[in-house]
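Undergrad: Numbering-wise (the numbering used here), the sequence shown opens with residue 1 and increments by one.
A few of these clues could be false.
Label pairs and their calculated CB-CB ranges [stated by the list, open to error]:
id : residue 1 : residue 2 : range
1  : Thr-20    : Val-119   : 15 to 23 angstroms
2  : Leu-24    : Thr-78    : 16 to 24 angstroms
3  : Ser-76    : Glu-45    : 16 to 24 angstroms
4  : Gly-121   : Ser-16    : 20 to 28 angstroms
For the record, the hints were derived by calculation from the structure and aren't laboratory data. We put the CB at the ideal spot given by N, CA and C, even for glycine.
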Amino acid sequence: MEFESGVTFVGEEEVSRILTDASLEKVCLLRLRTNGSGDRDAIFEAFRRDLPMDPPVQSARSWEALSDSLFGGLFSLTSTRVVILWEDDARHESIRAGAAAEALSILTEVAELLGSPQVTGGHTKLVAVLIPVVVKH
């Protein structure tokens with residue numbers, strides 16, 4: 001699979017292929033699980049548990065701190081290609097509103113920043129955020 005920087009919605013049936021492709025292509029695969037909760041505290045906890053954070057974020061008070069920490073954590077990875085599979089994001093009542101939308105916005109922004117040679121001093125990373133969705137036939 002050709003991984004692209006930014007957020008991409010994929011069919012749920014593609015997840016096993018994504019997992020295989022990421023392994024074969026030696027891509028750093030991170031699995032984000034919020035258990036379908038759109039609650040701010042649950043999202044912060046999932047980010048802290050499942051994603052690299054530098055410096056660590058201790059509370060759920062600041063989205064900006066979460067963004068900065070995620071940027072630092074992903075930047076510190078040795079891999080130049082990172083896939084974040086937000087496995088249960090599509091199960092949120094609405095990923096276009098509330099805390100889930102804010103988290104999605106942060107993932108989008110961090111992926112963009114890490115792809116910028118100006119921001120990273122030429123040490124760019126491809127960060128693909130994949131969100132499985134149920135495809136209705």
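Undergrad: For every hint, state whether the structure bears it out.
TA: So, going through the hints one by one against the coordinates:
1. Thr-20 <-> Val-119: 15 to 23 angstroms: 32 angstroms Cβ-Cβ, so the 15 to 23 angstroms window is violated.
2. Leu-24 <-> Thr-78: 16 to 24 angstroms: holds (18 angstroms)
3. Ser-76 <-> Glu-45: 16 to 24 angstroms: Cβ of Ser-76 to Cβ of Glu-45: about 21 angstroms, so the range 16 to 24 angstroms holds.
4. Gly-121 <-> Ser-16: 20 to 28 angstroms: Given a distance of about 37 angstroms, which is not inside 20 to 28 angstroms, the answer is violated.
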